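What follows is each chain in one-letter form.
There are 2 protein chains.
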Amino acid sequence: MYLYLIRHGIAIDLDTIDANRTDLDRSRHLTKTGRKKIQQVAKSLKMANLQFDRIVSSPLVRAQQTAELLIAQNLSSQLELSDDLAPSGNLESWLTWWESRSIHQPISKLALVGHEPNLSEWAELLIFGNVQHKLVLKKGGLIALKFPTDKIKIGTAQLHGLIPPKYLLNDEL
Amino acid sequence: MYLYLIRHGIAIDLDTIDANRTDLDRSRHLTKTGRKKIQQVAKSLKMANLQFDRIVSSPLVRAQQTAELLIAQNLSSQLELSDDLAPSGNLESWLTWWESRSIHQPISKLALVGHEPNLSEWAELLIFGNVQHKLVLKKGGLIALKFPTDKIKIGTAQLHGLIPPKYLLNDEL
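Read top to bottom, the protein sequences are chains E and S. Residue 104 in the working numbering sits at position 104 of the first sequence, and the numbers go up by one each step. Take any residue in the second sequence, note its place counting from 1, add 1000, and you have its number in the working numbering.
Worth double-checking, as some hints may not be accurate.
With a straight-line cut-off of 25 Å between C-alpha atoms, the simulated DSS-like cross-links for lysine-lysine are [stated by the list, open to error]:
#1 S:Lys1036 - E:Lys109
#2 E:Lys166 - S:Lys1138
#3 S:Lys1036 - E:Lys134
#4 S:Lys1109 - S:Lys1153
#5 E:Lys166 - S:Lys1043
#6 S:Lys1043 - E:Lys36
#7 E:Lys46 - S:Lys1109
#8 S:Lys1046 - E:Lys153
#9 S:Lys1046 - E:Lys166
#10 E:Lys134 - S:Lys1166
#11 S:Lys1166 - E:Lys43
#12 S:Lys1166 - E:Lys146
#13 S:Lys1153 - E:Lys109
#14 E:Lys134 - S:Lys1139
#15 E:Lys32 - E:Lys43
#16 S:Lys1146 - E:Lys46
#17 S:Lys1032 - E:Lys151
#18 E:Lys46 - E:Lys36
#19 E:Lys138 - E:Lys109
#20 E:Lys134 - S:Lys1043
#21 E:Lys138 - S:Lys1036
#22 E:Lys153 - S:Lys1153
#23 S:Lys1032 - S:Lys1138
Covered stretches of chain S, as calculated for chain E (at least 3 residues, CB under 8 Å) [what the hints assert, rightly or not]:
#24 1024–1032
#25 1056–1070
#26 1134–1146
#27 1158–1167
According to the in silico footprint, chain S covers these stretches of chain E (three or more CB under 8 Å from chain S) [what the hints assert, rightly or not]:
#28 47–54
#29 66–79
#30 155–166
Source of the hints: derived by calculation from the structure; they are not laboratory data. The model shown is predicted, which means the values in this text are computed figures rather than measured ones. Even glycine gets a Cβ: it sits at the ideal position worked out from N, Cα and C.
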């Protein structure tokens, strides 16, 4: 199966004074530029014939908005939220959740929308089994992993793509 | 500095009977589709504002033709050949050659055009210091590495991009 890890787009800044208030961080929304760039990224992914059986997103506003823009471009028709994709989440917990979710309905193309450094760390865990902080995932960027079976398992993935958004921004679109 | 590793495009097949004749393999040229796809990839890289100070290519025809199509799209004005980029070449030998080449003229954006499995193995060596065969580089695909200094050194790179050509093929271009 294929797993796509997508980082949310550019969101509004918090004032320095508020930067540690988790409740405020959860509600940060995409800027106008952030929305526009994600729309362009979504169009380019569609033109590359990407299609997700399901999108699972972090519940934070900037991630949800990113996921909704992917849905608006018909990249998927199913959207679900998972707290494990929030910045405080972790891969093992998400894997347990996903296993119970997918046991009766195998899925071959799944997209996750979330945050850094989580997503690139998850990718390294899924590929190599450990975190080395060697993958750089920009806002609006995408990581494509392929697993040898229909099971998402640590240390078994191959890296098929790490796409910075600048390769997906086409002003002509 | 940035190092870009680019795999040549689709080339003509050799008859099975000739597959082991190195002299014939060296002269395999790009197919019509191979040329067209590399031209599209080159246009997309140009639109993503890529620019190489120099391109160093494998001397094999299919790689040279790929490099020339990148030059034709103004992605660089300098092309050089290196036997170390041929399928029989190796990274350590190329690094020694490159060090003598670049000592008086630091270069910040270098592109190499070559073959698999060499390029993805070189990328893994430059990032992790060892080869794990976890990166998949398709024909016409690109790997983008960033080094913390202007020196290309094993085990020091970060992976900024692994771009399959399908994300760079835009029929509208």
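Hints, verified against the model:
Using a Cα cut-off of 25 Å, the hinted pair Lys1036 of chain S and Lys109 of chain E is violated, with the two alpha carbons roughly 29 Å apart. At roughly 20 Å between alpha-carbon atoms, Lys166 of chain E and Lys1138 of chain S fall within 25 Å of each other, so this suggested pair holds. For the suggested pair Lys1036 of chain S and Lys134 of chain E, the alpha carbons sit about 33 Å apart, so the restraint of at most 25 Å is broken. Restraint check for Lys1109 of chain S and Lys1153 of chain S: satisfied, since their Cα atoms lie roughly 15 Å apart, inside the 25 Å limit.
Between Lys166 of chain E and Lys1043 of chain S, the direct Cα distance comes to roughly 13 Å. Compliance with the 25 Å bound is thereby established for this hinted pair. Distance check on the hinted pair: Lys1043 of chain S and Lys36 of chain E sit about 22 Å apart at the alpha-carbon level, within 25 Å; holds. Of the supplied pair hints, the one linking Lys46 of chain E and Lys1109 of chain S is violated, its CA atoms being roughly 30 Å apart against a limit of 25 Å. The straight-line distance between the Cα atoms of Lys1046 of chain S and Lys153 of chain E is roughly 37 Å, outside the 25 Å bound, and the hint therefore fails.
In summary, the hint linking Lys1046 of chain S to Lys166 of chain E is supported, as the alpha carbons are separated by about 11 Å, within the 25 Å threshold. In summary, the hint linking Lys134 of chain E to Lys1166 of chain S is supported, as the alpha carbons are separated by about 24 Å, within the 25 Å threshold. Of the pairs offered as hints, the one joining Lys1166 of chain S and Lys43 of chain E holds, with about 13 Å between alpha carbons and a cut-off of 25 Å not exceeded. With a CA separation close to 16 Å, the supplied pair Lys1166 of chain S and Lys146 of chain E stays within the 25 Å bound.
Between Lys1153 of chain S and Lys109 of chain E the CA atoms are separated by roughly 36 Å; this puts the pair beyond 25 Å, and the hint is violated. For the proposed pair Lys134 of chain E and Lys1139 of chain S, the alpha carbon gap of about 24 Å is at most 25 Å, so the pair holds. Taking the CA atoms of Lys32 of chain E and Lys43 of chain E, the gap is near 17 Å; set against the 25 Å cutoff, the hint holds. A distance of roughly 28 Å separates the Cα atoms of Lys1146 of chain S and Lys46 of chain E; the hinted pair therefore is violated under the 25 Å criterion.
Of the supplied pair hints, the one linking Lys1032 of chain S and Lys151 of chain E is violated, its CA atoms being roughly 39 Å apart against a limit of 25 Å. At roughly 15 Å between alpha-carbon atoms, Lys46 of chain E and Lys36 of chain E fall within 25 Å of each other, so this suggested pair holds. A hinted pair counts as satisfied when its Cα atoms are at most 25 Å apart, and Lys138 of chain E with Lys109 of chain E qualifies at roughly 22 Å. Taken as a hint, the Lys134 of chain E and Lys1043 of chain S pair is broken in the structure, with Cα atoms around 28 Å apart against an allowance of 25 Å.
In summary, the hint linking Lys138 of chain E to Lys1036 of chain S is not supported, as the alpha carbons are separated by about 30 Å, beyond the 25 Å threshold. Distance hint between Lys153 of chain E and Lys1153 of chain S is unfulfilled; the C-alpha atoms sit about 32 Å from each other, more than 25 Å. At roughly 17 Å between alpha-carbon atoms, Lys1032 of chain S and Lys1138 of chain S fall within 25 Å of each other, so this suggested pair holds. A stretch counts as covered by a chain when three or more of its residues have a beta carbon under 8 Å from one of that chain; for the segment 1024–1032 of chain S and chain E the count is 0, and the coverage is violated.
Chain E is given as covering the segment 1056–1070 of chain S, and this is violated because 0 residues of the stretch bring a CB closer than 8 Å to a CB of that chain, at least three being needed. Interface restraint, the segment 1134–1146 of chain S with chain E: holds (5 residues with C-beta to C-beta distance below 8 Å; minimum three). Residues of the segment 1158–1167 of chain S lying with their CB closer than 8 Å to a CB of chain E number 9, which satisfies the three-residue condition for coverage. For the segment 47–54 of chain E, the stated coverage by chain S is satisfied: 3 residues place a CB nearer than 8 Å to a CB of that chain, which reaches the threshold of 3.
With 0 residues carrying a beta carbon less than 8 Å from a beta carbon of chain S, the segment 66–79 of chain E misses the three-residue requirement, and the given coverage is violated. Three residues within the 8 Å Cβ limit are the bar, and the segment 155–166 of chain E against chain S gives 9, so the coverage statement holds.
Checked against the numbered hints above, the structure breaks hints 1, 3, 7, 8, 13, 16, 17, 20, 21, 22, 24, 25 and 29 and satisfies the rest.
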